[in-house]
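Residue 1606 in my numbering sits at position 170 of the sequence shown, with consecutive numbering throughout.
Bear in mind the hints are in silico, worked out from the structure with no lab data behind them. There could be a bad hint or two in this list.
Claimed, not checked - Cβ pair distances, simulated, as ranges:
1) A1718 x P1479: 55 to 63 angstroms
2) M1437 x Y1743: 46 to 54 angstroms
3) L1737 x P1567: 23 to 31 angstroms
4) P1567 x D1740: 42 to 50 angstroms
5) N1521 x R1454: 22 to 30 angstroms
6) Y1743 x W1723: 16 to 24 angstroms
7) A1549 x P1681: 16 to 24 angstroms
8) Q1680 x T1705: 29 to 37 angstroms
9) A1718 x E1487: 51 to 59 angstroms
10) H1717 x G1536: 20 to 28 angstroms
All residues carry an ideal CB built from backbone N, CA and C; glycine is no exception.
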Amino acid sequence: MNLCGKGVWLSHSYDFRRAVEMATQIEAGHLLIKVGHGPYYFPEIARELVERVYSLGLHPLAWIQITDYAPSESLLAIRQAIELNYEKIVLFLGRALVTGSQLEPLAAALASAPLPLEKILLAAPPLAHLPDAQAVKVLARYCQGGWMPLCFPYQELSVQQLLDRDVYQSLSELSLWWGATPEIYPVLVPLSGMRTAEPFLPEAVIPWGESVMQHGVDFFSVYHAAVTEKALWPILQSVAPACQPKVETRVERSVAGRAVPQPEYVTATANDTVWGLIDRHAMQREWFWMWNGHLWDSRGLPRDPDYLQAGWRVRVK
1437 MNLCGKGVWL SHSYDFRRAV EMATQIEAGH LLIKVGHGPY YFPEIARELV
1487 ERVYSLGLHP LAWIQITDYA PSESLLAIRQ AIELNYEKIV LFLGRALVTG
1537 SQLEPLAAAL ASAPLPLEKI LLAAPPLAHL PDAQAVKVLA RYCQGGWMPL
1587 CFPYQELSVQ QLLDRDVYQS LSELSLWWGA TPEIYPVLVP LSGMRTAEPF
1637 LPEAVIPWGE SVMQHGVDFF SVYHAAVTEK ALWPILQSVA PACQPKVETR
1687 VERSVAGRAV PQPEYVTATA NDTVWGLIDR HAMQREWFWM WNGHLWDSRG
1737 LPRDPDYLQA GWRVRVK
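Start from the sequences, fold in the hints, and give me the full structure.
Spelled out as structure tokens, the structure:
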């Protein structure tokens, strides 16, 4: 069965409470629990958290950090997670300097084990951002559940550009490795960009979310709860997976059978002011700050009615 909805990753078990809070706020139905790292399996965490997730009415997915150290021993964590009724198992490559040849023992172990390959997914950066793209090729045929591309700012690329260019333009090559076009389940990684000190700001999520909806994505997730600022949560809540029926939300409501348009954004220029935008778009001041206050708050700035930084994405409707 394909994934549908949204998910929140946990890097550590002590992030569970925050992950549940975040899942509630962004309307996510899945929690991704780390049950292993390299050859090490975390039995107590795996057993305790899967029960807690089910008790909350959520869907538990397990993830395992794959490393270059004894990768074939990750098979234990995979088997145990399946026995504990985790719905999917994610093999997480991340940005690790793992080569295809180093992962061949794991591929051989997966090939010889009687596993439900449709339950196994692969999470990795786009091919252009891997030290060795063969790492994905070696594991692809054993991860028939789909590909979870990690979307993070990289040098001059935004998360939206990375998704549009480096994920969807590589599908022809990936289809050869998977044997068919894999399901694509993007993962937003709201960390500082690689090789840059610039912080990850809320307005970077808006175009990424728009791109997710334009591509008709059925499931996306956020890695991970501890590093995702609360200022991002309302934006993530507004991103609607294609598989979910349209329901009345804070973003889109049905009035007398007529759908109200989606939120509209403008990019602020050097000549714009808060009052100018409010006047130009006939907004109420309270609505402006409710929609856009995170732009000031996330930077520790006072909500100055005159100050507006050029380049900010500002909601006006």
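We went through each hint and held it up to the structure:
Roughly 59 angstroms separates the CB atoms of A1718 and P1479, a value that falls within the hinted 55 to 63 angstroms. In this structure the supplied range 46 to 54 angstroms holds for M1437 paired with Y1743, their Cβ-Cβ distance being about 50 angstroms. Range check, L1737 to P1567: about 38 angstroms between beta-carbon atoms, so the 23 to 31 angstroms window is missed. Checking the proposed 42 to 50 angstroms range against P1567 and D1740 shows it holds: the Cβ atoms sit about 44 angstroms from each other.
Hint check: N1521 to R1454, Cβ distance near 24 angstroms, so the stated range 22 to 30 angstroms holds. Between Y1743 and W1723, the C-beta spacing of about 19 angstroms keeps the proposed range 16 to 24 angstroms intact. The beta-carbon spacing between A1549 and P1681, approximately 38 angstroms, falls outside the hinted interval of 16 to 24 angstroms. In this structure, Q1680 and T1705 meet the distance hint of 29 to 37 angstroms, their C-beta atoms being roughly 36 angstroms apart.
In this structure the supplied range 51 to 59 angstroms holds for A1718 paired with E1487, their Cβ-Cβ distance being about 52 angstroms. The hinted range of 20 to 28 angstroms is not satisfied by H1717 and G1536, whose Cβ atoms lie roughly 52 angstroms apart.
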